[in-house]
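Protein chains: 2
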Amino acid sequence: MRTLKSKDRSRLIKAAMGQLPCDLTVSNVKYLNMFTGEIYPAEVDVLDGFVVRVREEGVQAPAASKETYDGKGAYLIPGFIDAHMHVESTMMIPENVSRGIVPWGTTTICTDPHEIGNVMGVEGVRFMLENAKKSALRQYVLAPSCVPAVPGRESTGAAFTAKEVGTILDMDDVVGVAEVMDYVGVVTDNERMHSIVEEGLKRDLLIQAHAPFVTGDMLNAYRIGGPLSDHESTCAAEVREKLRAGMYVDLRASSIIDGLAFLVDGCRDHYWKDHVAICTDDVHASDLLTVGHINKVVKKTIAAGIDPRDAIKMATYNAAREYGFDDLGALAPGYIADMQLVRELDGGKPEAVFIEGKLVAENGCYLAGDTLTEAPCLPNTVTIPQLNSTGDFVMRVPEGYTGSTIMVNVMTVSPASPILRMVVPTELPVKDGAVDISGDPSLTFVCCANRYGTGSKTIAVYRDFGLLKGAFASTVSHDSHNLTIVYRDPAEALLAAKTLQSVGGGILVAEGEKETHVALPAAGLMSYKPCAGVAEEINALQKVIDEVSGGRLTVLASAILALPVLPGVVITDMGLVDGTNQSFVPVFAL
Amino acid sequence: MRTLKSKDRSRLIKAAMGQLPCDLTVSNVKYLNMFTGEIYPAEVDVLDGFVVRVREEGVQAPAASKETYDGKGAYLIPGFIDAHMHVESTMMIPENVSRGIVPWGTTTICTDPHEIGNVMGVEGVRFMLENAKKSALRQYVLAPSCVPAVPGRESTGAAFTAKEVGTILDMDDVVGVAEVMDYVGVVTDNERMHSIVEEGLKRDLLIQAHAPFVTGDMLNAYRIGGPLSDHESTCAAEVREKLRAGMYVDLRASSIIDGLAFLVDGCRDHYWKDHVAICTDDVHASDLLTVGHINKVVKKTIAAGIDPRDAIKMATYNAAREYGFDDLGALAPGYIADMQLVRELDGGKPEAVFIEGKLVAENGCYLAGDTLTEAPCLPNTVTIPQLNSTGDFVMRVPEGYTGSTIMVNVMTVSPASPILRMVVPTELPVKDGAVDISGDPSLTFVCCANRYGTGSKTIAVYRDFGLLKGAFASTVSHDSHNLTIVYRDPAEALLAAKTLQSVGGGILVAEGEKETHVALPAAGLMSYKPCAGVAEEINALQKVIDEVSGGRLTVLASAILALPVLPGVVITDMGLVDGTNQSFVPVFAL
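So the protein sequences, as listed, match chains A and B.
Heads up: the first sequence begins at 1 in my numbering, then just goes up one per residue.
Heads up: the second sequence begins at 1 in my numbering, then just goes up one per residue.
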């Protein structure tokens with residue numbers, strides 16, 4: 001029942017009765033009715049950003065509208081809703097994502113500012129909300145639920161308890177509690193997660209799930225604990241189990257993960273599909289330039305055998321129902337006039353997009369203005385006093401250790417999954433009191449350094465990272481976003497650290513005295529540049545990365561090296577952590 | 001997102017994880033999944049009245065439940081939800097309707113105490129809520145929106161402004177604003193209806209519609225004004241138009257009106273039917289004894305060509321969504337364990353019914369106790385000082401009128417509809433200063449007398465009411481429930497009035513010095529007797545009515561004679577009223 005956009009009912013009633021002219025008529029369209037599934041010729045009249053009426057063929061409006069837009073026989077469908085995405089993944093600030101997203105027909109995104117939350121806390125979330133208001137795109141926010149993801153195993157820029165989550169939930173345009181990654185906290189009913197979930201439940205807001213591989217008793221307990229909508233299914237069986245348990249499933253195809261065709265197997269044959277929505281989760285600027293947004297996922301969903309009407313419903317009405325929005329996801333009297341004209345019901349680029357009845361994109365061109373009026377002045381969030389000299393990058397053996405070799409827990413990819421790591425105890429030479437990897441070209445050092453001023457850091461050895469030469473550094477390092485540097489030569493590592501500190505964060509490759517970087521001054525996560533600029537810089541950096549890695553690494557190569565919710569070994573600023581049981585693993589195997 | 005029943009999440013999580021035994025397992029059932037439409041063998045575990053898990057065949061519970069109920073291979077489906085009904089129409093008080101309704105598989109009713117609201121105001125509504133708590137049946141209440149239905153054209157026992165509606169909406173178990181009959185008030189945006197609707201909208205509650213024959217611009221304006229769910233469609237085209245406009249349609253089959261087979265034509269072929277629910281509106285005690293409740297409407301819906309799964313979804317999940325209930329209408333972890341075992345998916349009487357995991361009916365037997373522990377002591381609401389002698393029932397001609405005949409606006413059934421009336425100016429004899437109908441056996445007098453102490457009354461002439469002899473009187477007279485008496489002999493009318501006054505209201509037939517009545521001491525609308533007792537008394541009275549009317553009249557023959565929202569001429573205590581334009585019509589055509 002929740003109505004998000006306040007309306008002047010009296011004006012709209014007058015318009016419906018013909019006593020006020022509407023602002024806009026979209027004429028000559030094939031209208032897809034989201035309540036009945038019917039498609040019929042119609043004209044839609046809009047006032048104050050709301051649909052006043054949908055007139056079937058031959059029905060005259062009681063008063064002519066001020067303007068008419070000729071739909072030229074295209075289908076008129078609601079604007080798409082992204083049920084879950086992180087703006088930070090685009091590496092653009094909110095006001096700039098609008099230009100990248102809206103021309104593809106998405107008019108609402110439900111975002112989790114989890115990354116900036118970890119870096120800047122409540123003020124970071126507030127920045128996202130405030131900055132979003134400068135754009136045409138409807139940007140709702142969910143309160144990050146797991147900041148930090150694993151308390152006591154990494155240090156972040158902020159820590160959220162129920163109090164911070166409650167503060168965020170009371171802000172305008174906040175519509176739920178974001179992905180509850182700490183499923184262990186929920187199923188063991190720990191106080192932190194219980195109280196955070198409670199903040200959302202007591203406000204009747206959506207609790208978003210994040211439950212890959214969670215099944216059986218654990219899934220039941222997790223669902224009862226609050227989380228309702230999940231986008232992390234890894235296979236069809238998970239989709240089916242979650243739907244059967246009453247959860248919403250947000251089918252996801254991101255720039256990173258795309259198993260959509262398999263996920264659809266988990267719902268294709270269901271008689272009812274009310275609980276299936278669609279999301280992008282993480283999408284990169286270059287994909288927004290060339291591939292698409294929700295429309296791309298709709299296209300894949302249709303290709304996987306879902307009726308186009310159902311695919312569109314998932315991306316509109318079902319997503320709205322998931323959140324309890326009662327004025328989005330359909331076009332009918334009283335609904336917000338977020339709509340798009342599409343030539344076919346196939347996920348193609350729309351011919352026109354309207355937000356609140358205003359034409360905001362036409363044939364791929366964004367018409368809602370160049371939104372970046374001035375560069376925001378967020379503070380530099382990269383504070384790394386512990387990285388001042390090349391010596392700070394040397395991996396010293398423990399005090400008093402005198403052997404000529406030492407057993408090191410070397411990080412390496414797990415055979416279980418390319419995104420998981422394990423440690424392999426390995427005997428390595430000691431030289432001048434430090435570990436010497438110069439004899440094995442497959443080894444690199446990896447340093448994770450707190451960038452919020454605590455001075456903590458961890459240095460470990462990593463086998464087969466994929467870097468042939470130079471150093472690779474990034475402040476985009478989920479979820480704490482500490483500075484992660486992969487290197488052999490401490491001088492290159494120092495250059496990387498100094499440069500990223502000076503620009504406020506980013507992603508960088510250093511080779512000798514040369515460096516190439518993408519500056520991400522907004523919380524070390526986002527650029528202030530628009531979509532094309534960000535994509536161009538990333539593409540340029542990727543070329544350099546291709547050179548130093550023989551084409552093996554991407555700009556996000558180190559992005560999940562420090563993510564302790566992964567069930568494998570990661571490196572945080574506090575040490576090596578085994579995500580399976582959230583225990584520390586010593587750097588040296590002594 | 002609204003969760004109505006508070007739960008101890010910690011206990012439920014523990015049970016889900018196997019750390020606490022469940023109270024109940026319902027085993028050996030074919031489970032209809034309301035999210036996917038699948039049917040598969042399962043067992044359902046319940047704790048504290050909530051579903052903890054649904055185990056598919058072969059899945060062991062992590063801990064055994066305290067009790068097991070063998071479903072013997074029946075289908076397990078959610079308890080039915082009646083999306084709209086008036087408890088007063090059963091002529092039972094809330095605690096007694098449970099016994100009549102629950103054995104048919106209905107576990108939740110969403111009720112509009114509009115009748116008692118008109119008689120007793122906010123205190124009447126409070127009585128319904130309090131009394132309902134004594135029963136097993138989940139009884140939610142909507143705040144009556146139109147008390148009185150037509151201000152200034154009838155006098156009632158109470159008048160609700162936004163203040164009274166707000167007071168009711170803040171009471172426990174109140175879930176919406178009830179049927180907004182004053183559609184003219186909404187589409188003209190008058191202050192009274194605007195502010196009453198606003199009370200519901202600002203609390204994110206359902207605004208229930210009541211819009212027979214409302215179409216086109218008027219329907220759009222009405223929808224924008226707030227009302228969402230309508231049960232008053234009169235034909236398939238209305239059903240289709242309302243669904244297309246984004247309204248919910250509650251398919252209705254009541255004890256009075258049943259056009260269900262035709263209404264289904266308005267949605268049968270729709271690809272999606274999410275916005276279709278089911279209701280009974282008005283159902284009589286005798287029907288509850290013999291015919292059924294929501295299950296009967298489900299049966300008719302299936303007979304009209306709806307897939308049984310869809311019909312059940314309409315009566316469960318869709319109704320819950322209409323109201324925004326997120327813990328009713330399905331059986332999955334965290335949902336309230338309101339459920340029924342049915343041999344077939346056909347609307348038949350269930351083999352067992354559970355409310356909050358407690359067995360409350362089995363094979364038609366109610367097991368939740370004889371709920372009427374003591375007769376409530378509601379005050380006598382029949383105060384009629386204006387009816388003291390036979391002279392008070394004489395229809396006098398206007399002061400100073402000296403003619404031997406007089407033109408009278410005689411009420412008679414309209415050719416447009418058997419429930420509508422018109423007036424026909426007719427010349428009648430005058431005798432002793434009063435209208436004389438003794439020469440025409442097709443004529444009767446009809447008197448509508450305020451029963452709230454104002455002393456007002458109207459006497460008119462009615463042609464072809466259907467009464468062959470005696471007087472017919474009732475305090476069930478929508479919506480003001482003033483005393484309505486149809487008679488020829490003032491002595492019989494006086495006997496009727498005196499008797500109904502002494503018993504606190506009811507329905508009565510007087511013939512000579514003999515009278516037969518059903519006493520309805522609860523607000524002049526309801527008996528304190530249980531279902532069988534009420535049905536028996538009504539049947540006995542009906543036999544007498546059959547005698548005096550030659551089988552033509554029912555106990556509710558006068559129930560809508562005084563209903564000024566009808567588009568025809570009615571009689572209120574203030575005069576004859578033309579509902580079409582809500583103007584007075586003179587009794588004499590002078």
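In case anyone wonders, no lab produced these hints; they're calculated from the structure.
Any given hint could be a false lead.
Just so you know, same-sequence chains aren't split out, so a pair can sit in one copy or run between any two.
Unchecked claim - 30 Å max Cα-Cα, derived DSS-like pairs, lysine-lysine:
| # | residue 1 | residue 2 |
| --- | --- | --- |
| 1 | Lys358 | Lys202 |
| 2 | Lys543 | Lys133 |
| 3 | Lys358 | Lys431 |
| 4 | Lys358 | Lys163 |
| 5 | Lys163 | Lys202 |
| 6 | Lys431 | Lys163 |
| 7 | Lys543 | Lys498 |
| 8 | Lys202 | Lys7 |
| 9 | Lys349 | Lys498 |
| 10 | Lys349 | Lys469 |
| 11 | Lys498 | Lys163 |
| 12 | Lys514 | Lys72 |
| 13 | Lys498 | Lys514 |
| 14 | Lys66 | Lys469 |
| 15 | Lys498 | Lys134 |
| 16 | Lys72 | Lys543 |
| 17 | Lys469 | Lys134 |
| 18 | Lys30 | Lys202 |
| 19 | Lys66 | Lys358 |
| 20 | Lys299 | Lys431 |
| 21 | Lys358 | Lys543 |
| 22 | Lys163 | Lys5 |
| 23 | Lys202 | Lys133 |
| 24 | Lys514 | Lys358 |
| 25 | Lys431 | Lys7 |
Cross-check of the supplied hints:
1. Lys358 x Lys202: between (35 Å within a copy, 27 Å between copies)
2. Lys543 x Lys133: Neither, since 35 Å and 71 Å both go past 30 Å.
3. Lys358 x Lys431: neither (68 Å within a copy, 74 Å between copies)
4. Lys358 x Lys163: neither (38 Å within a copy, 38 Å between copies)
5. Lys163 x Lys202: both (13 Å within a copy, 26 Å between copies)
6. Lys431 x Lys163: Close neither inside one copy (50 Å) nor across copies (84 Å); limit 30 Å.
7. Lys543 x Lys498: Only inside one copy: Lys543 and Lys498 sit 22 Å apart there, 99 Å across copies, limit 30 Å.
8. Lys202 x Lys7: both (25 Å within a copy, 12 Å between copies)
9. Lys349 x Lys498: The answer is neither: 43 Å in one copy and 77 Å across copies each exceed 30 Å.
10. Lys349 x Lys469: neither (41 Å within a copy, 76 Å between copies)
11. Lys498 x Lys163: For Lys498 and Lys163, the Cα distance exceeds 30 Å both inside one copy (36 Å) and across copies (66 Å).
12. Lys514 x Lys72: neither (55 Å within a copy, 77 Å between copies)
13. Lys498 x Lys514: within (13 Å within a copy, 106 Å between copies)
14. Lys66 x Lys469: neither (64 Å within a copy, 66 Å between copies)
15. Lys498 x Lys134: neither (33 Å within a copy, 73 Å between copies)
16. Lys72 x Lys543: Answer is neither; intra-copy 43 Å and inter-copy 67 Å both fail.
17. Lys469 x Lys134: Neither: 42 Å inside a chain and 78 Å across chains, both beyond 30 Å.
18. Lys30 x Lys202: neither (42 Å within a copy, 35 Å between copies)
19. Lys66 x Lys358: within (13 Å within a copy, 61 Å between copies)
20. Lys299 x Lys431: Answer is neither: 57 Å inside a copy and 85 Å across each miss the 30 Å cutoff.
21. Lys358 x Lys543: neither (40 Å within a copy, 67 Å between copies)
22. Lys163 x Lys5: For Lys163 and Lys5, the Cα distance is within 30 Å both inside one copy (26 Å) and across copies (25 Å).
23. Lys202 x Lys133: both (27 Å within a copy, 24 Å between copies)
24. Lys514 x Lys358: neither (48 Å within a copy, 74 Å between copies)
25. Lys431 x Lys7: Neither way: Lys431 and Lys7 sit 72 Å apart in one copy and 63 Å across, limit 30 Å.
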